[in-house]
Structure formats: C-alpha cells, structure tokens
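Chains as they are written, first to last, in this note's numbering: chain Y, 1 to 160; chain F, 161 to 577.
DSBU-like, lysine-lysine: derived pairs with alpha carbons at most 30 Å apart:
(1) Lys124(Y) / Lys517(F)
(2) Lys201(F) / Lys377(F)
(3) Lys86(Y) / Lys225(F)
Please keep in mind that the hints were generated in silico from the structure rather than gathered at the bench.
The residues making up each chain are set out below.
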Amino acid sequence: MSEILLERVGKFAAEAKAKIVPLRKGETVIEVDQANVRNFISHLVQDLSVRHLTTITGLDLGENIGIMYNFSQERETIHVRTTVPKASTAVSIVDIIPGAILYEMEVHDMFGTSFEGNPWNDRKLLLPDNWPSDLPPPLLKSSKPAEIRRRLNLEAPTKE
Amino acid sequence: MSTDRDKRLREESAGLMEYSAENLVPFGPIHPSLKEPEYFKIILEGERIVNVIPRIGYVHRGLEKAAETRPWVQNMYMFERTCGICSFVHSLCYGQAVEGLTIFQVPKRAEYIRLIICEMERIHSHLLWVGLMGHWTGFETLFMWVWQDREVVLDLVEAISGNRIHKSMNAFCGVRRDMPEGMEKHIVELMKFLTDRARYYRQIIDTEETILERTQKVGAHINQDTVEKLCAVGPMARYVGLRHDVRLNNPYAAYGEVPFEIVTRKEGDVQALLRLRLDEIIVSANMISYAVENLPDGPIKVKIPPVIPAGEHSSCCEAPRGEIFYYVKSTGGRTPDRVKSRQPTLANLPLALEILKGQTLADVPVVLTAIDPCFGCMDRMSFLDTEENKQWSWSGEQLRQYGINYYFPDKKGKGKA
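Please build the complete structure, drawing on both the sequences and the hints.
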C-alpha cells in the first residue's frame with residue numbers, strides 16, 4: 001500500500017480498532033470488528049475516496065464466516081475483513097455502496113449469512129427456489145455435493 | 161399456458177393490482193442451448209419501466225466448490241470454462257493469483273504471448289457484441305458483416321493456440337505453446353485489415369439511421385456518480401468518462417510495456433458504447449502489432465511444483481466485459497482452500513437495471529445487450545397485463561420485432577432473422 005494511503009487509513013483504523021496486515025506490495029488486509037465495519041467502510045468511501053468495491057468474498061473459517069470486502073484503487077487492493085458467527089446476521093453496506101447489493105445476496109446464498117438492511121435480503125439470487133432450508137449453504141465446508149444432489153433429486157440417471 | 165404458472169404470476173403481481181397502472185412482465189429465464197440465462201421481473205407503468213428485479217443462477221455450476229477438491233493446475237483449465245467467449249483471461253487471472261503465492265517469475269516472452277491472446281480475445285468479443293447489437297436493433301446486414309470479420313481473428317487464434325475458443329494456452333508461470341514461426345508479418349497485415357474494418361463500421365454507426373434511432377439517447381440519464389456508486393466495470397464505466405481499466409491502473413502481463421491509449425466517452429448512452437467498443441478494437445489491433453514486432457526471446461515457461469505455499473492472494477484482469485477478480489487461499493496443500501471468482505456481468509447488472517428504469521419495453525433487448533452479458537436468453541417470456549387480467553407469451557424474436565416496429569412502424573425491420 002502506498003505510504004500516504006496507509007497513513008491515512010491508519011488514522012481511521014486506530015479509531016475503529018482495526019488491525020492492518022500487509023500481505024505484499026499493493027495488497028493489504030484490514031481486520032475490523034463487525035460493530036465497526038460500517039463506520040470504517042464509510043470512512044474509506046467518503047474520506048479516502050476508495051470507491052470501487054470489486055466484490056464481497058465469503059470465507060468459511062470453521063466457527064465463523066469471514067466476510068471480505070475487496071476494494072481496489074489504482075494499484076492498491078484493500079481487503080476489509082470482518083467475521084460473524086455461522087448462520088447469523090451481518091450488517092449491510094448497501095446504503096453506503098449501492099453496488100454491493102448483489103454481492104451481499106451471493107454471500108447470503110452461498111454461506112447463509114443474511115445482511116440486515118439489504119432490501120432484497122429475503123430473495124434468492126443463485127440458489128434454486130426449492131433449496132431445502134435445513135441443507136447447509138453450499139460453500140460451507142460441511143456441505144457435501146453428493147448430499148445436495150440427493151436432496152435436490154439431481155442424481156445422475158444410472159445406466160441400465 | 162399451465163394454470164399453475166397462471167396462478168403464480170397473479171400472486172406475484174397481487175400487490176401491484178392495487179396500483180392498477182403497473183404491469184408485471186416476467187422476462188426470461190432460459191433457452192437451454194444458450195449459456196447465460198437470466199430472469200428479469202419487469203414492472204411496467206404503461207410503456208415505461210418502473211422497476212426490474214433480477215434472478216440469476218440458472219447455470220450456476222458450483223465452480224468455486226468444485227475448485228476446492230481439484231488440484232491447482234486442473235482448476236486453471238476448469239476456470240477457463242467459465243465463459244465461452246473470454247475464456248483465456250479467466251485462466252490468466254486465476255493463474256496470476258496462484259503465481260503470486262509462489263517465488264517464481266513469469267518469463268518475459270510468455271507475458272507478451274499472454275497479452276497477444278488477451279487482446280485477440282477482446283477483438284473477437286467486441287466484434288461479436290457489435291454484431292449482436294445489429295441483430296437486436298434490426299440491422300441484420302451489420303450482424304453478418306461483423307461476424308464474417310470475426311472469423312479472421314478466430315482463425316488467427318486457432319493458428320496460434322490450436323483452438324478457437326477454449327485455448328488452454330495458459331500454464332502456471334508461462335504459456336503452453338510458443339508463437340508459430342514466421343507469422344509476424346501475416347498477423348500485422350490482418351490487424352491492419354481489422355483496423356480498417358473497425359473504422360468502416362465506426363462510420364456506419366455514426367450515420368446509419370436504424371442504429372442512431374435505436375441507440376442514441378437510450379439510457380442517457382446515467383451519470384458518472386451513479387456508475388461509480390454501482391461499481392460498474394469495463395466499458396460500462398468508461399462510456400461515461402471514468403478511466404477505469406485494469407490494464408492501465410494495475411498493469412499485468414506485458415501491459416506495462418506495450419503502449420496504448422485508453423478509450424473513454426462522455427455521452428453515456430448505448431451509442432457511446434458502440435463507438436467505444438469499436439475504438440477499442442483499433443487500440444487492441446495496434447497493441448497486438450506492437451507486441452508481435454517486439455516479442456522478446458527466451459523461455460516460455462518455468463516449471464513449478466504441484467504444491468502451492470500457504471497464503472492468500474488476489475488478482476484482477478481486464479476481460480472484454482470489464483474487470484474480473486480472483487481470490488485464492490492456500491493452506492499449503494495440493495488443492496486450494498478457497499477460490500473466489502467474480503465476473504464482470506455481475507458487477508454491471510445493477511447498472512443495467514438502473515439504465516432500464518424509465519426506458520420503454522422496446523428498449524429492453526438493446527439495453528440488456530448493451531452491457532454485453534453473454535446474453536441471448538430472451539426466448540421465453542410471458543406478459544401479464546394486470547389491468548385487463550390478460551396474459552400472453554412472446555418469443556425473443558417477437559420481442560425483437562416489437563422493438564423494431566415500435567421505432568420504425570412503416571418498416572418491417574431491415575432483414576429477417
């Protein structure tokens with residue numbers, strides 16, 4: 001991360017109790033609590049004009065779900081990472097960045113974390129409408145493709 | 161029309177009945193032979209679109225899940241199958257993310273070959289798109305001419321890589337095939353031919369009445385701020401004047417060494433997208449000519465071990481449709497722990513929905529094609545008029561004809577599909 005940006009992010013990071021983990025040149029992970037993440041992202045967007053949200057990446061971290069907001073500006077990539085317990089609710093950032101709406105729906109579908117404040121939170125984006133509610137979301141490590149095929153009746157026809 | 165579907169459509173529009181003037185138009189989702197079906201619920205007020213709600217995922221094949229069980233190198237060729245148009249750039253972006261975790265450097269020659277393939281892909285993707293715009297606006301001749309010229313670049317790709325679409329050219333820290341010998345002059349000549357053709361088409365779209373009528377001022381209510389807020393990428397960001405291009409902002413492969421001009425426009429309508437993409441074809445052709453003439457000597461590949469060190473890395477590339485993003489997490493094993501891929505159509509979809517608001521139903525095919533979503537799934541639609549409680553279905557061809565007749569009532573469109 002360029003030094004000027006790092007310095008300016010650092011100021012907000014201390015305020016939001018965030019931890020800066022440099023990965024390599026031009027790529028930085030910033031770990032923020034769930035309680036401070038909205039605050040931190042709105043600082044990033046409004047005060048530092050890091051405005052382009054590339055995507056939101058979900059991660060299965062065992063006990064928790066990691067939510068990674070991938071920002072990019074010029075040669076810098078900033079991953080703002082926060083964690084929430086499995087099958088719980090995270091805060092939505094759609095009012096700060098309207099372009100996040102489909103990414104949040106994707107994480108909801110794939111990891112089961114719903115985003116409070118997302119207007120389309122009760123809709124499905126990628127999963128089929130008949131996805132059983134007791135089946136673990138597909139990108140969790142506990143989800144097995146064979147089980148999904150069995151429950152959705154997608155078993156390949158056997159040769160006779 | 162099945163009664164079940166009838167009932168469901170009525171239920172979906174039940175809330176709208178009270179406002180009476182609003183109609184719900186389910187749009188899509190699929191024709192099984194096409195590759196990117198999407199479904200749009202279009203809410204109309206008379207002829208104007210009030211709101212659009214997307215539903216995608218009909219061909220979600222679970223690539224990210226599948227990647228977690230496959231060896232690193234196999235994933236590269238699996239991710240290449242993400243798209244049937246811009247396939248190479250996906251394997252390149254995934255490859256770059258993985259290469260970042262290792263200590264190996266990509267040889268210079270391989271980086272140039274990667275650039276050449278990427279730009280050829282861009283030319284063929286943009287030409288395909290210009291042809292489709294001709295088709296949807298009712299200018300069939302343009303479609304046929306452009307797709308004939310597209311064969312030129314596809315043949316060239318085949319001569320270099322052995323395949324037209326799924327090239328499987330990329331490898332970790334290099335490419336699998338070298339450039340064929342003695343082709344430099346031929347490639348430069350063909351690039352000159354394509355430049356001339358692109359200039360000619362540029363002239364056509366600036367003067368031809370059919371194109372002007374259907375594309376000028378369509379979606380012109382979009383400004384830079386909206387585009388930035390909705391995080392649109394690629395041509396959909398550049399057509400309002402944003403200088404958003406990964407090749408320029410964060411150069412990868414040989415993009416830091418090959419000179420090129422970024423193309424931006426200011427108008428922010430569908431016409432601007434046509435001009436922008438045709439200009440980009442010229443830029444790409446120049447880049448290929450430069451790269452071929454200045455191709456460095458040396459090895460094309462470095463062999464790397466099958467186990468990738470633990471760590472995480474992300475990579476961005478500029479596909480023809482815009483920025484693509486891959487994130488890779490390794491725990492030091494033979495398979496990745498997590499791979500995340502984001503394609504440009506998902507990033508551009510919120511903007512497309514925003515453009516549609518306030519347009520007419522006749523503009524739907526043109527606007528949805530304008531974001532270049534590998535989209536051709538308009539073959540199954542049903543319409544529900546809540547006021548008269550009437551329901552009807554149109555095929556994609558009927559909607560196309562409706563659009564043409566709406567704009568040119570006295571003509572039956574130029575050419576027939």
